[in-house]
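4 protein chains.
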Amino acid sequence: MKVSIIGSTGYTGMELVRLLSKHPKVELKILTSRSFAGEDISDIYPNLRGKVDTKCEKLDLNKLAASSDFVYTALPHGVSMEVVPELVDRGLKVIDLSGDYRYNNLKTYEDWYKPHQSPSLLEKAVYGLPELNRSKIKASGLVANPGCYPTASILALAPLVANNLINKDNIIIDAKSGTSGAGRKLSLGNHFCEVNNNFKAYKVANHRHTSEIEEKLTLVGGEDITLSFTPHLLPINRGILATIYANLEENLDTAKILEYYEDYYKKEAFIRVMEEGILPEIKNVAGSNYCDIGLKVDERTGRIIVISAIDNLIKGSAGQAIHNLNIMAGWDESLGLEDLSLYL
Amino acid sequence: MKVSIIGSTGYTGMELVRLLSKHPKVELKILTSRSFAGEDISDIYPNLRGKVDTKCEKLDLNKLAASSDFVYTALPHGVSMEVVPELVDRGLKVIDLSGDYRYNNLKTYEDWYKPHQSPSLLEKAVYGLPELNRSKIKASGLVANPGCYPTASILALAPLVANNLINKDNIIIDAKSGTSGAGRKLSLGNHFCEVNNNFKAYKVANHRHTSEIEEKLTLVGGEDITLSFTPHLLPINRGILATIYANLEENLDTAKILEYYEDYYKKEAFIRVMEEGILPEIKNVAGSNYCDIGLKVDERTGRIIVISAIDNLIKGSAGQAIHNLNIMAGWDESLGLEDLSLYL
Amino acid sequence: MKVSIIGSTGYTGMELVRLLSKHPKVELKILTSRSFAGEDISDIYPNLRGKVDTKCEKLDLNKLAASSDFVYTALPHGVSMEVVPELVDRGLKVIDLSGDYRYNNLKTYEDWYKPHQSPSLLEKAVYGLPELNRSKIKASGLVANPGCYPTASILALAPLVANNLINKDNIIIDAKSGTSGAGRKLSLGNHFCEVNNNFKAYKVANHRHTSEIEEKLTLVGGEDITLSFTPHLLPINRGILATIYANLEENLDTAKILEYYEDYYKKEAFIRVMEEGILPEIKNVAGSNYCDIGLKVDERTGRIIVISAIDNLIKGSAGQAIHNLNIMAGWDESLGLEDLSLYL
Amino acid sequence: MKVSIIGSTGYTGMELVRLLSKHPKVELKILTSRSFAGEDISDIYPNLRGKVDTKCEKLDLNKLAASSDFVYTALPHGVSMEVVPELVDRGLKVIDLSGDYRYNNLKTYEDWYKPHQSPSLLEKAVYGLPELNRSKIKASGLVANPGCYPTASILALAPLVANNLINKDNIIIDAKSGTSGAGRKLSLGNHFCEVNNNFKAYKVANHRHTSEIEEKLTLVGGEDITLSFTPHLLPINRGILATIYANLEENLDTAKILEYYEDYYKKEAFIRVMEEGILPEIKNVAGSNYCDIGLKVDERTGRIIVISAIDNLIKGSAGQAIHNLNIMAGWDESLGLEDLSLYL
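Chains as they are written, first to last, in numbering that gives the first Met the number 0: chain A, 0 to 343; chain B, 0 to 343; chain C, 0 to 343; chain D, 0 to 343.
To be clear, the hints were calculated from the coordinates, so they are not data collected in a lab. Don't take every hint at face value.
Identical chains share a label here; the pair holds if one copy fits it or two copies do between them.
In silico DSS-like cross-links for lysine-lysine, where the CA-CA straight-line distance does not exceed 25 Å [unchecked claim]:
no.: 1; residue 1: Lys-135; residue 2: Lys-106
no.: 2; residue 1: Lys-92; residue 2: Lys-137
no.: 3; residue 1: Lys-266; residue 2: Lys-50
no.: 4; residue 1: Lys-57; residue 2: Lys-92
no.: 5; residue 1: Lys-106; residue 2: Lys-54
no.: 6; residue 1: Lys-202; residue 2: Lys-24
no.: 7; residue 1: Lys-167; residue 2: Lys-184
no.: 8; residue 1: Lys-113; residue 2: Lys-265
no.: 9; residue 1: Lys-92; residue 2: Lys-167
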C-alpha cells in the first residue's frame, strides 16, 4: 500500500517513518514538511540514514492524492482540520494523529480546543482505539488516533467501567510522561537543563486529554464520568506510566479483578495484563506497541490502584496508528509492530 | 557543640557530614561506620576531600559518649533501637533518623515494622517535624527524625486537615522520589541501567510510610485518617514530589485555601507556599531545606490537588535533622541550612 | 537453526534473546542461567513477556548438544574457556562473547587476563569482526566475538592503518561508554546515584581492550602498534562513542580521507561513513547494529580526528554475534538486524 | 561591597546571584535583564524565592554606576565589548565573563571571534585565572574571567608546561561538558530529548576555546603551543571533565610528576591534586569551586594522561568570578565559595 505522511519531521512523524520503513506491506511515498522541505529525512533524523533517505516535500495535495492510497496526518491540533477534509474529498483513507477528530461531542471539542472547521467530518471519524472500536475502525475511512495519555488511561480503566466495578465519582488518574510527548518544538520547558534532574506536574486540572478520557469512558460505561487527571513530566524521552485510583463498588480482591481484565483483553495482541504481584514499568514497554496493565486492591481503603504503561510515541501514537492501518487494510494486526522494548 | 554520627557512610550520613561541616556551631567529632572503619570519610566520599578528612571508626559507645554532646544515629530501621537506648542512658542527646522512634502507637510500629526492643523510649521520643512539634522538640532529648515521604506528605496536608477543609476518607498521595531515597546499599532495583530511562511504582498499598503519615495526620486532625499512599521511583538522584488529592468539604477556591496555608506556615523559614498559578518543581528545592507547596482547586470535581516538593536527603532527612538540632540547642533555626537549590 | 544461549540472563544474553526472537531462521532452544534456573526469562526481563517465555535451565552439556546446532556463550572472561572446549568437542558451532578466544597471541591474553585453559583452541578461533575477517568467519566453527570498545576502535582506525595514512606511534583512543557495558552484576560503580550526573575515566592505561585493539590493528597494518586507550563511563544505558586522534603521515584533507573510508567499507551493510561536516552521535546508532564513522582533518595540527559510534550491546556484542551467525550459516547478513536506532 | 550584574538571567547570571546571595561581604544591587526586565528574579529562577526576590531591570548605565562599586557582565561574546568600556569609563571595577577581554593578542581574538570594538581595553584587562595571575588580578580594574574549558585545561597542563615535562607538539585535550555550558538559549541541540541518552563531539578542530588555551599555555611555557581540543556534550547539567594526553620528555613516573603538581598548587585553596591511583570525577566537584586534578603515566607509550574536573558554572565561570572579586577586594579568597559538591 502506498502511504504518505503529512508532517513527517516532528517526533511522531519520524516515529511513523521509522516503523513503516519495516512494515512489509507498506511503500512509503511522500513525506511532507513545512520546515524541512528539500532536505532528506535522514539528514534531519540520521538514525534513518541508509534505510529511508527520502527528500521531504512541501504539501501538494494533488500530487499526494495521485501517488498515495493512504495518508497519515501528523500535524498540530487545529492544523489537521485544515487539511483532512481535502484528503477525504480526494478519496484518500486517513488516520489523523491530532486531537481534531477524536470527539463525538462537538461542544466538548470546542470547549477544550477551539472552534471546529469541519464538524460534519467529526461525525464520520472513528476513534482509533483498536481494543474498543475494532469493527468501526475497519469500516472507516477517517480514523482519529487517540492521545497518548487517553490510550494509557482508557485501557487501564475500561474493564472496571464496563463491568461497573468502581464508583464513577472518585476516579483519579495521576499520569507521568517522558518529554518526547511535548514534541520537537523548542520551549524553555523542554530545554535539557530544565528537564534533567527535575520532575513536575503541569496543566493541573485543565489538560485537554481529561475531556477525551471522560468522553470515551462515558461511552464504555453508559453513564457520565467526570474525573481528575494530572499529567507530570518525567526526565526521560519515552514512556507514560499512569497510576489510577478508584473506589471499588464491592469487595473484590486483586485476583478476581484481574480475571475481569484477562477476560476483557483476552484477544488483544498488545495488551499484557500482569499477574498478581507484578506491576508495569516504563522500561518494559518503551520501544514496543504494548500496553502493560497491573493492579492491586488496597483492602485498607477499599480502593483499587491500576497502573498502565505505554510508549507514548508507539502505543500512544505512531504504533497505534499502524495498528489502525493494519485493521483498516485487513492485515495481520501485528504487522510492523513486532518490536519488543529494548529494556535498556 | 560536639556532634558525632553513628552510621556516617550511607547517603544520609554523608549528607549530615556535608551539611554539618559548614554549621558554625558544630564541631564534628566521631564518625562511625561498620563497613569503612579505618578509612577516611573523604576517600569514601571524595567531595569532602580537603574539608572533612576524618577517619571513620567502629562504634565504641564509651569513647563516643566521652567526646560528644550530641549524636545522630543514621542506621537502618531495627538497628537504631539496638543503639539508641545506650546513648540515652549515657546522657547524650540523640536525633535518630530511622523509623524506630517515630510512632506514638507501639502497635502501629510493630504491625508495619517488627517487634520493638525499647518501647518505653518510644513514649519519650518526639516526632521531629519542626513545623508541627517545635516546642516538644525543643524540650526533648530524643527526637525521631521523620521519614522523607511523610515530611512531604504531612506538610502538604496539615493545613487542610487542621482546618477540616477536606473529606478524610478520600485522601490519595501519589509520591515520586529520586533514587537516593533507597540509600547506597546495592540492589538490582538501584542498578544504574535498571533505573535510568525507567519509572515505576513500588510497594503499592503497603509502604511503611503510609502508617507514619496516617498517625501524624490523625493527631493533627483529631480523627482517624486512613489514606492511600503510592511511592514511585524517579530516575534522578534527589527530590520528592508528592501529588495529593482530596475532596473538599465545602466550595472554596484556590485563593481562599492558599490563605489557610499562608496562615498556617506564616512563621516557617523552610516552607514556601506558592502563589496561585505556580506549582512546586523538584529542581527548585533539591539541594535546599525548603518544602515548596502549591495547590489548585479543580472545580469540575470538587477536588483539591496539593503538590509538595522537598529534597529527600535534606528536608526529608539530614537537613531536617539539623533543623531539629538547632531547635534543641536554642540556636537560630536556619544555621547551616542556608543553601539554595542549585536549580541546575 | 536451533540455537541455544549459555549465560542468557546477563545484559548481553538478554540482548541475544531479544534480537534472536525476531530472527526468521532461528529457533531459540535452551537458555541457561546459573542464577535464575527455573525462572522464565520473561520474569527476569519482562520486556520479553508474551514473545519469549522460555524457562531458564542449568547448563546440561549433553542435553544442550542434543537439542542445538549452534551455541552462544555469553559468560564472563575465564568462565567461557571452561565450557567452550566441551561444546566444540561435541561438534557444536560456537560464538563466544567473552575475551577468552579473541587473541592470536597467547602471551598477550595471559599478560592482560589470566592463564589460558585451552590454548590450542585459541589457534582455531577466528576473531569475529565481519568487516575484517568475513571469509575466515564463514569457514570457522568457533568465533570469538569482539569486545565493544575494540569494535568501535578498530573499525574507526582500520582504513587509516591499512592505507598507511597515519603515524603509528601517536594513536590515542578516548572512548566513552554507556553503563550497560559493565553488565548487570551489582557494584557500587554501577549504583544509580553514583553514575547519574557523573562522568569519569576508569582503568586508565590498563584496560584489557587496549591489547585487543593493538593486536588486531597490528594485523591490519603489518607493523607493531602501541597506542593509548582511555575508557570513560557515560550516564546513559547504551552506546559507545570513540574519539580517536592520530598524526597524518602526509597532508591529506578530510574529503580525500573520507574517500579511503568509503572505499574500504563500500560493501559493508553496517558501516555508515558520514559525509564531510557530519559526525556520529550515539543517539543515531543506539538500538541498531550500525557503526557510524565520521572524521575531520585538523590542518593546524596535522592531526586527524576520527569519531565512531556503536551500540555496545548490539554492534559491540549481541548484534555482531548475530551478524557472525548469519555469515557462518550463509544467510543474508542483515537477517534479524534490520532495526534502526529509535533516535529518542 | 555593592555589586551589580549585567545579564543576570542566563545560567551564569543566575549562578552569580545564587552564590553572591550568601557572600558575607556583598550586597547585591542591580540585576539587569533584557528579556525579563520587570520580573522578579525569583519568578524566573524559583530556587531563589525567599532569598533573592529582586526585580530585574533594563540596563541604565548611570543608575548602575551610581549604585554599584563593582559590576559583573554576564553577556554573550560580542555584546560585552559594547558595554564594558562604558563601565570602565565610569570608574567601576568590572569582571567580564564573556570571551571579549580574555586575549593578549588582538589578532587571535579577531581570528576566532570577530572584530574587536575596544582593543585598547584588551591590553588593560587581566586574564582572571587566579592560580596563574593572582597579583595582576589584585591590581586590575578589569578582569576577563576565563572560559570553562580553558579553566579545566590550563590548570591541568600548567605544571607540565611550566616545568618543561612534555613535548609541546603532541598535546591533546579531549573534553566533555554538561549541557549548562551552552546556556539557557533555546536550540535544537539543547532540546531535552536530543541530549538525553546521547553523547557527541561538536565543533571538532574549531572551538574558540582552543585559541584561549593555546595563548595562555604559551605564556606559561614561553614557547608556542598548538594543540588539539575536542569538546563533547554530556547528558548532564553541570561539570566538565578533561582527559589530556601528552608525550613525556623524560622518563618520570606518576609519583614524581604528582610532586610537581603538589608543589605548583601548594598554596591553592581550590585545586585538589589527587594522590596516585585516584582520578577526578565530575560528581566530586559539581556544585563546588574545586578543580580536581589526577594523572597517570602510561609507561607502555611514554605518555601522560592528566584528568581534570570542574563545575563549569562555578570554577568554570561564576565561582571563579567570585574568587577574582575576593582577590581584587583583598578578602579571604574562599568567601562565598565554601560549598562542597553535593556528590549526589
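Taking the earlier hints as the rules, which of them does this structure contradict? 5, 6, 7, 8 and 9
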